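Please arrange chains B, C and D on chain A, whose structure you already have, making use of the hints.
The primary structure of each chain is shown beneath.
Protein chains: 4
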Amino acid sequence: MATAKEISYPPEDPPKTHDFASDDEPRHIEFAHTQSPHDHSQHDHSLPITEIPTASSTNTNGTAHVSHKSSSTLRRTRSALGLHPEAPLDEDHDHHERQTLWWSRVRIALREPFAEFWGVVIMILFGDGSVAQVLLSTGQATAPGGNGFGAYQSISWGWGLGVMLGVYVAGDSGAYLNPAITFCSCLFRQLPWRRFPVYFIAQVLGAFVGSGIVYANYISAIDFAEGHGIRTVPPAPNATAGIFCTYPQAFLTKSSQFFSEFIASAILMFVIFALKDPSNNGVGKSDKWFPLCLFFLIFGLGACFGWETGYAINLARDFGPRLMSYAVGYGSEVWSAGGYYFWIPMVAPFLGCAFGGFLYDLFIFTGPSPVNTPWMGFKHIFSPAYARRARRERHRKAKEEGMV
Amino acid sequence: MATAKEISYPPEDPPKTHDFASDDEPRHIEFAHTQSPHDHSQHDHSLPITEIPTASSTNTNGTAHVSHKSSSTLRRTRSALGLHPEAPLDEDHDHHERQTLWWSRVRIALREPFAEFWGVVIMILFGDGSVAQVLLSTGQATAPGGNGFGAYQSISWGWGLGVMLGVYVAGDSGAYLNPAITFCSCLFRQLPWRRFPVYFIAQVLGAFVGSGIVYANYISAIDFAEGHGIRTVPPAPNATAGIFCTYPQAFLTKSSQFFSEFIASAILMFVIFALKDPSNNGVGKSDKWFPLCLFFLIFGLGACFGWETGYAINLARDFGPRLMSYAVGYGSEVWSAGGYYFWIPMVAPFLGCAFGGFLYDLFIFTGPSPVNTPWMGFKHIFSPAYARRARRERHRKAKEEGMV
Amino acid sequence: MATAKEISYPPEDPPKTHDFASDDEPRHIEFAHTQSPHDHSQHDHSLPITEIPTASSTNTNGTAHVSHKSSSTLRRTRSALGLHPEAPLDEDHDHHERQTLWWSRVRIALREPFAEFWGVVIMILFGDGSVAQVLLSTGQATAPGGNGFGAYQSISWGWGLGVMLGVYVAGDSGAYLNPAITFCSCLFRQLPWRRFPVYFIAQVLGAFVGSGIVYANYISAIDFAEGHGIRTVPPAPNATAGIFCTYPQAFLTKSSQFFSEFIASAILMFVIFALKDPSNNGVGKSDKWFPLCLFFLIFGLGACFGWETGYAINLARDFGPRLMSYAVGYGSEVWSAGGYYFWIPMVAPFLGCAFGGFLYDLFIFTGPSPVNTPWMGFKHIFSPAYARRARRERHRKAKEEGMV
Amino acid sequence: MATAKEISYPPEDPPKTHDFASDDEPRHIEFAHTQSPHDHSQHDHSLPITEIPTASSTNTNGTAHVSHKSSSTLRRTRSALGLHPEAPLDEDHDHHERQTLWWSRVRIALREPFAEFWGVVIMILFGDGSVAQVLLSTGQATAPGGNGFGAYQSISWGWGLGVMLGVYVAGDSGAYLNPAITFCSCLFRQLPWRRFPVYFIAQVLGAFVGSGIVYANYISAIDFAEGHGIRTVPPAPNATAGIFCTYPQAFLTKSSQFFSEFIASAILMFVIFALKDPSNNGVGKSDKWFPLCLFFLIFGLGACFGWETGYAINLARDFGPRLMSYAVGYGSEVWSAGGYYFWIPMVAPFLGCAFGGFLYDLFIFTGPSPVNTPWMGFKHIFSPAYARRARRERHRKAKEEGMV
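Chains as they are written, first to last, in the UniProt record's numbering: chain A, 1 to 404; chain B, 1 to 404; chain C, 1 to 404; chain D, 1 to 404.
Since the hints were derived computationally from the structure, they do not count as laboratory data. A few of these clues could be false.
[What the hints assert, rightly or not] Residues from chain A shown here face chain B by an in silico Cβ test under 7 Å; the list is partial: (1) Arg98; (2) Phe126; (3) Val169; (4) Phe224.
[To be verified] Computed footprint of chain D on chain C; a stretch qualifies when at least three of its residues, placed anywhere within it, have a C-beta under 8 Å from a C-beta of chain D: (5) 101 to 110; (6) 120 to 126; (7) 159 to 169; (8) 232 to 242; (9) 288 to 300.
[What the hints assert, rightly or not] Which chain A residues face chain B? A few, computed with CB under 7 Å, are given here: (10) Gly145; (11) Gly150; (12) Trp157; (13) Leu161; (14) Asn217; (15) Lys288.
As the structure is a prediction and not an experimental result, all values here were calculated from the model. Note that the Cβ used here is the ideal one computed from N, Cα and C, for glycine as well.
Chain A extracted, bound-state conformation (with noise of 0.2 Å):
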């Protein structure tokens, strides 16, 4: 996605963070020109300031050649928060003044949250709204057509488009969108872990709003569907809590239920890896075909995998939409429903997604990988000596690369 010269990481530090929205191919052209690392931070400053007059430029007088995202104070509150000390950023926007102003020192701090949770809040709006649009007005007779606004497959294309389009919002943060997809990337891609939770919050968060203005949205539609302040919990007939978390079918045990997002979140992962892997010659390089393809899968895993308990895969999807939907009334239920269900979509996608990135990992990929260490990648767990060793390597290597 980035080219080399736009985004201002030193160039020792591989763009961790955008391993599933970016290619990796353009670094290597940043290795080949860049001599050193060092001469990277004294590139031409002399850009050229002729911008609305700011009121707050007076604290730039003597530094107006500062990279405003590598000052002190900035590094220091995005690694307290987890970040990598530079922000991802276009690196003349970065030099501009504009960068001074409070909010958009903020904006620096904050931009991988801001960006995971745009990019969740687009994906439930359109994977929500699709299920809203489709359940409301099943079977309405008045509709072009004759048969409401929508069949099943509306929904494969909402939550299809909705990821597709979430991954281009949030570009600037690798547009992970799922925690399970951020957990198997710090375990299986070298995403250092203390990224997790404030991605983890932000999408979370993400959710939980979009689903709140999808209820906003439709709301006087439930009215009409359910009754003036009446909301219910599947298997309710007329019950519309399914269209902000997932219920299962009723006849599916628990551990058909369990394995039903085992195993679609194992597809996920396995062909994320796959699309990302970039010495899989099945998949083209400085190509921009990932978002599309992830349209096809997310669609695919919605027409094969979304009947038993609707494709949750992701915590933040289920989860965060559930707690919206609890908070605005729709009672107990949506926890309890389908036997205490909504566990399962927050513990099945992680265990699920670790498998099949294990699998890709075993059988496919030859990159860095714990799962390419001896005993593959065991050992780490069954020789504590072992473990505490790589441990150690792997924070000296963050150390020097500023990572901390």
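Leaving out everything else, chains B, C and D in the frame of chain A:
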């Protein structure tokens, strides 16, 4: 889209009118290759002119090498229309003597309005055409499949691909196809406000003409469905006015009507700003994904937010066809239906798009935007002196760049 | 498509036959890299010839380095067929001795007709195949989903992707797949008129053969639906003739029939001209979006203008299969149905496409087109002397370029 | 796909196993950049090895710079399996010491079978999964939309995107995913016949395992639909065996069954050969359109030729799941149904693909193919001496290139 060599704007002037159809990437190449902005007008004019001889070539005898589009008459005409003095035009084509023909000069003078007009015509032909086909053939048992020629989803397809193909057609004008998007480009992306009126007129006219063609095409079928000469408006049974413009579901309150259009417009603008943001890492810079992404975006709005008010999200798309349907005899109910609903798709898209654009600039955009000025842009509103200074500054720059 | 090096047209000759399948961009590169048009024939012939020895290699003993496709016999044959004397052929392949085989020379001589034939076969296989499957399985309760194998939308998919894949197959001929588009390419885009007949024959034959294969594939199912040996034409109940060619809805007047085909054809040509216009900024130059855009265009025509007359918009697609269905026993009703409707999809596409192309050239196109000559091209019609001069000029140029 | 630098086949050896997943274009670049084939093995081995220390690094002490995949044991193992002695492997990854781990060497030795296996697993998961969801939820009134979770078209989507994503996953093996396509690549495209067996086994195993996962996922739902432990085969009411493999419509004669599979397979191969033909001008060379085109191709086969026999067109896709369904208790009817139909999707795809490939090579392909040898390739059959000579020649070449 255009490679750097082929568009003859002077390089100081970023192609503002192309915001939504072109990438900024090729521009950088141009800057790199051009030593001085002034030598741009001295490039090689020795193109062989070997086409069919034209009768009107006499007036080019002494001035065969003059760039036609920069002739002073043309520049004055275009300036008076609010357009950039120089038309976006392939340079090789510009120098050709066929551009001296009377009609060719009209075509250059009205380049952007023509493009915008035809882009909207194509959009409306597919969009309104899909509603017409689905609505009028509802339940027809002799159709292949036994249930009409299309279902609600055809309408998502129709509008989605109509916008996509309209963008391809209207590449020379920036392909806004929507006054609210032109409006936000002026508000947030430095498109000069004087461009707005001529774009607005072209867009509304295009929608009027496009829907007229759809009406002419389906007139026999409408007569067949409603009875010869009878034209009714929803919620009448057999009403066909919904083919042309939107009518809200009966259960909606006025504020729900407004909110539904508002939220869909906000999503539209938010995602388009993300897709056109060259500093967003999620977006390919040199690839041509924008029209396809727009297909998915519009499809998604239809599948997820298309039920309650029919996702007008565009004054031109709704008002133009409404006027047309009034003109051909649907009666004054086209205005009064839904409690004089007609003004909502005229007002809500502007406010919704402005809000969506504001959110994007507030949380993600790092480039030049009023939101990235002091007080998040509101200083323009609350400090008249500041606003005046900024306006004067902008005017001065526009003058320098020859944009007036 | 082809990189500059691989197609061996002499560089003075723009690849006229490729208008609709190739971008012009690579050409420019070729011009840039070639000092003189004459040294093009002196490139390196020292390709190693290490393939399986062929029995017929004797006749290449002394002339092993001769470009086979420019052998004088081949040139004469192709010229007599109305084709460009030199076949569009990968240059490396051209020099290989396998091209001296008898059949290889036939293949080179008939390169474009073969490509056009097979492109149309593929288009018809998917298009007619989709109608056959949806129509014949209508309402079948044992289908997954309980309601037949596809709905009307499958037909939009079938024709859309049939055209897309046909364009990929027929890349060497320009992939017109439609006599009306070939016609407009002659009229507006300098494709020599002498190309028209052989393309026309190949297209109609391809449609005849393609629909014959569909008939053979579905013969058991047709017998099952209509009764063994019974073949009927709409509006008979159980009629299956609609699988192969189009029949209008009963409520249409003759002029509505005509207008429906006319407007769909005009849209087809207008959008294709936009998609193939290298000076339109909305269209990528080096990317390969054309086939995919064509999918959306044809899909849209099916979803939005496919009901009234079945969007034939193509003499070959309608007449070829109609002839086939007449030949296999559907009776003379294939001609008389709908008030001898059969001539409308033969005539309207030509007029509609010509009108659509005229509109595009009138309002948007700035390149060489008759519309960009005095009197908007009508001087050719109203001033015989002018037309004669232009014709002579064009002929002279064609001679120079060795195209006759 | 792979850029020239990253695949370490010696440059004399075109990447035969990549026929269907990679473009040939980058190869040319490699030839251009490589002075001599022999200096290829002397490139820079001084890659920093800074990863987590591995216990097994002792055996690389003196030979740290040896390319692991070309170790003689590996070469021998791969050769014995019928594979190219050197695995398709990112060169940077190849030199890394993690490739000395026991499992890494297994992964390199079985690189193509692993890729093919997982590609088929993914294809079957989505394909069979879509049939399962649509079939088992048919008519369920509590679904959003009120009529089950998907319609027949979901199945077109499922198989189409399953193949597309399978191709992305299996890029390292060439992504045939179908024994008939591997077969035709041997027959027409110089893939050595000794590759066939191991690919065949991997493909059938993949389909067996993939359908087993689908069965496990839907076991509760199948019990719910048929009754606990009851498993029936079409045409029994409520039969669920059709989820896994294909069963023909009842009205088909044996020859119609055969012809339907034959024609669909021929179309499959014809279009794939067109899409992979670098000398066909309709096909982009450097872009990555192949997987998306394959989606459209498979979708189209499902929408247009999927009714009569269920478009198996692939021995692995049909036989693997059939075996699985036999193993889990569907009884011997899986073999006897449809008049022992099971052998048709085993035989017809080979004959159909061979015929389709023959047609493409006969009429369009100009590159090296047996059809482009004397007597259209039949001299191989009718002249034993000629065939023997050609075979010997080919063997000699393979030896030279180290492929045995």
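For this session: Tell me if chain D covers the stretch 101 to 110 of chain C under the three-residue, 8 Å CB rule, please?
Result: holds (count 5)
query: Quick one, is the Gly145 of chain A hint okay against chain B at 7 Å, beta carbons?
result: OK, holds: Gly145 of chain A within 7 Å of chain B, min 4 Å.
Closest C-beta approach of Lys288 of chain A to chain B relative to 7 Å, hint status
3 Å, holds
Margin query: Would the hint on Leu161 of chain A be counted as holding, given a Cβ-Cβ threshold of 7 Å to chain B?
Written below: Check passed: Cβ of Leu161 of chain A comes within 4 Å of chain B, closer than 7 Å.
| field | Hint check, Gly150 of chain A versus chain B [nearest Cβ-Cβ separation less than 7 Å] | value | Given a least distance of 5 Å, the restraint on Gly150 of chain A holds.
query = With 7 Å as the cut and Cβ atoms as the points, is Trp157 of chain A at the interface with chain B?
reply = 5 Å, holds
For this session: Verify the interface restraint on Arg98 of chain A: the C-beta must sit less than 7 Å from at least one C-beta of chain B.
Result: Interface hint status for Arg98 of chain A: holds (5 Å vs cutoff 7 Å).
Identify whether the interface hint at Phe224 of chain A stands, where standing means a beta carbon of chain B within less than 7 Å of its own.
4 Å, holds
Residue hint Asn217 of chain A, partner chain B, criterion CB-CB below 7 Å: Holds - the Cβ of Asn217 of chain A comes within 7 Å of chain B, reaching about 5 Å at its closest.
Would you say the stretch 159 to 169 of chain C counts as covered by chain D, given the rule of at least 3 residues with C-beta under 8 Å? holds (count 7)
Go check the stretch 288 to 300 of chain C versus chain D for me, would you? Three or more residues, Cβ under 8 Å, otherwise it fails.
Three-residue rule met by the stretch 288 to 300 of chain C, so holds; n is 4.
>> The hint names Phe126 of chain A as touching chain B; please verify it with the least Cβ-Cβ distance against 7 Å.
In response: Interface hint status for Phe126 of chain A: holds (5 Å vs cutoff 7 Å).
Violated hints amount to a single one, hint 8; each of the other numbered hints is respected by the structure.
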